[in-house]
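> Put chain H on the given structure of chain L with help from the hints.
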Amino acid sequence: DGGITQSPKYLFRKEGQNVTLSCEQNLNHDAMYWYRQDPGQGLRLIYYSQIVNDFQKGDIAEGYSVSREKKESFPLTVTSAQKNPTAFYLCASSIQGSAEAFFGQGTRLTVV
Amino acid sequence: KNEVEQSPQNLTAQEGEFITINCSYSVGISALHWLQQHPGGGIVSLFMLSSGKKKHGRLIATINIQEKHSSLHITASHPRDSAVYICAVNKNNDMRFGAGTRLTVKP
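First to last, the protein sequences are chains L and H.
Read in order, the letters of the first sequence correspond to residues 669 to 780 in the working numbering.
Read in order, the letters of the second sequence correspond to residues 15 to 121 in the working numbering.
Next up, chain L with everything else stripped away, as it sits in the complex (with noise of 0.2 angstroms):
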């Protein structure tokens, strides 16, 4: 079946760490996005790249970084420079030109 596999699905790590968080889609999207979700909050834009070695930055890019060096995989790294890494992170990806997004099981973050 397609879809966008997000993993792990809880992540604890210490404070000033690194910290990857993976998204896979098989669904062959061109874009692909990721959010943060904090309570009471809409989801925010991190980054997002629309077409392989290409990727732009959201509203809230301060302290994250991105790859896209494949189609199928859009990483997100938490750095130690984001002052409030706990939060929830959705990733999700769409058809170039489309307005349907599809959307991963989301990866929850605590940074202790």
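FYI, nobody ran anything at the bench for these hints, they're computed from the structure.
Some hints here could point you the wrong way.
Unchecked claim - Derived CB-CB ranges, DEER-like:
| id | chain 1 | residue 1 | chain 2 | residue 2 | range |
| --- | --- | --- | --- | --- | --- |
| 1 | H | Ala90 | L | Gly765 | 33 to 39 angstroms |
| 2 | L | Gly765 | H | Gly71 | 27 to 33 angstroms |
| 3 | H | Lys105 | L | Asn696 | 20 to 26 angstroms |
| 4 | H | Ser40 | L | Phe680 | 36 to 42 angstroms |
As the list claims (entries may be wrong) - Result set (DSSO-like, lysine-lysine): computed pairs, CA atoms no more than 30 angstroms apart in a straight line:
| id | chain 1 | residue 1 | chain 2 | residue 2 |
| --- | --- | --- | --- | --- |
| 5 | L | Lys739 | H | Lys105 |
| 6 | H | Lys67 | H | Lys82 |
| 7 | L | Lys751 | L | Lys677 |
| 8 | H | Lys69 | H | Lys105 |
| 9 | L | Lys738 | H | Lys105 |
| 10 | H | Lys69 | H | Lys120 |
| 11 | H | Lys82 | H | Lys69 |
| 12 | H | Lys105 | L | Lys677 |
| 13 | H | Lys67 | H | Lys120 |
| 14 | H | Lys68 | H | Lys120 |
| 15 | L | Lys725 | L | Lys739 |
| 16 | L | Lys682 | L | Lys751 |
| 17 | L | Lys751 | L | Lys738 |
| 18 | L | Lys751 | L | Lys725 |
| 19 | H | Lys67 | L | Lys677 |
| 20 | H | Lys105 | L | Lys725 |
| 21 | L | Lys725 | L | Lys677 |
| 22 | L | Lys738 | L | Lys725 |
| 23 | H | Lys105 | H | Lys120 |
| 24 | L | Lys751 | H | Lys105 |
| 25 | L | Lys725 | H | Lys69 |
Ideal Cβ positions, reconstructed from N, Cα and C, are used throughout, including at glycine.
Relative to the frame of chain L, chain H by itself:
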């Protein structure tokens, strides 16, 4: 002010009740989405619409482009409908999200 506003923030209903969740937006859009997020966190797309009305089972979504307003209705609500419902709009190349409405349906 958020570009996408939802109301109410929280909603508790008894099983069988008719439920309405509202969404207002302030930007030009190409499409509006209603999403459902279960306690585990994963998001499922319920509807994508750009005009009129769509129905799927007990769920109905409507949109009024002139008034920049959409509603999600659930008929004959059931405890399994308990979830967070999120309104999102397509603006240019990305989506803008409401904060969500947490629905609890009690048996």
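> Hints first: check each against the structure and report whether it holds.
Now for the hints, and whether the structure bears them out:
Checking the proposed 33 to 39 angstroms range against H:Ala90 and L:Gly765 shows it holds: the Cβ atoms sit about 37 angstroms from each other. Evaluation of the 27 to 33 angstroms hint for L:Gly765 and H:Gly71 yields a pass: the beta carbon distance comes to about 29 angstroms. About 25 angstroms separates the C-beta atoms of H:Lys105 and L:Asn696, a value consistent with the hinted range of 20 to 26 angstroms. Distance hint check for H:Ser40 and L:Phe680: the Cβ-Cβ separation is about 38 angstroms, which falls inside the suggested range of 36 to 42 angstroms.
Taking the CA atoms of L:Lys739 and H:Lys105, the gap is about 23 angstroms. The hint holds against a cut of 30 angstroms. Taken as a hint, the H:Lys67 and H:Lys82 pair is honoured in the structure, with Cα atoms around 14 angstroms apart against an allowance of 30 angstroms. Of the supplied pair hints, the one linking L:Lys751 and L:Lys677 holds, its CA atoms being roughly 21 angstroms apart against a limit of 30 angstroms. Distance restraint check for H:Lys69 and H:Lys105: the Cα-Cα separation of roughly 24 angstroms lies within the 30 angstroms cut-off, and the hinted pair is therefore satisfied.
For the proposed pair L:Lys738 and H:Lys105, the alpha carbon gap of about 26 angstroms is at most 30 angstroms, so the pair holds. Our distance criterion of 30 angstroms between C-alpha atoms is met by H:Lys69 and H:Lys120, whose separation comes to about 24 angstroms. A hinted pair counts as satisfied when its Cα atoms are at most 30 angstroms apart, and H:Lys82 with H:Lys69 qualifies at roughly 19 angstroms. A distance of roughly 29 angstroms separates the Cα atoms of H:Lys105 and L:Lys677; the hinted pair therefore holds under the 30 angstroms criterion.
Distance restraint check for H:Lys67 and H:Lys120: the Cα-Cα separation of roughly 28 angstroms lies within the 30 angstroms cut-off, and the hinted pair is therefore satisfied. Between H:Lys68 and H:Lys120, the direct Cα distance comes to roughly 26 angstroms. Compliance with the 30 angstroms bound is thereby established for this hinted pair. For the given pair, L:Lys725 sits about 18 angstroms from L:Lys739 by alpha-carbon distance, which is consistent with the 30 angstroms threshold. Straight-line distance between C-alpha atoms of L:Lys682 and L:Lys751 comes to about 13 angstroms, which keeps the hinted pair within the 30 angstroms bound.
Taking the CA atoms of L:Lys751 and L:Lys738, the gap is near 29 angstroms; set against the 30 angstroms cutoff, the hint holds. As the CA atoms of L:Lys751 and L:Lys725 are separated by approximately 17 angstroms, the hinted pair is consistent with the 30 angstroms bound. In summary, the hint linking H:Lys67 to L:Lys677 is not supported, as the alpha carbons are separated by about 35 angstroms, beyond the 30 angstroms threshold. Between H:Lys105 and L:Lys725, the direct Cα distance comes to roughly 16 angstroms. Compliance with the 30 angstroms bound is thereby established for this hinted pair.
Our distance criterion of 30 angstroms between C-alpha atoms is met by L:Lys725 and L:Lys677, whose separation comes to about 24 angstroms. Only pairs whose Cα atoms come within 30 angstroms are accepted, and L:Lys738 paired with L:Lys725 is accepted, the gap being roughly 18 angstroms. Proposed proximity of H:Lys105 and H:Lys120 is contradicted: the alpha carbons are some 36 angstroms apart, above 30 angstroms. Distance hint between L:Lys751 and H:Lys105 is fulfilled; the C-alpha atoms sit about 28 angstroms from each other, no more than 30 angstroms.
Between L:Lys725 and H:Lys69 the CA atoms are separated by roughly 36 angstroms; this puts the pair beyond 30 angstroms, and the hint is violated.
Checked against the numbered hints listed earlier, the structure breaks hints 19, 23, 25; every other hint is satisfied.
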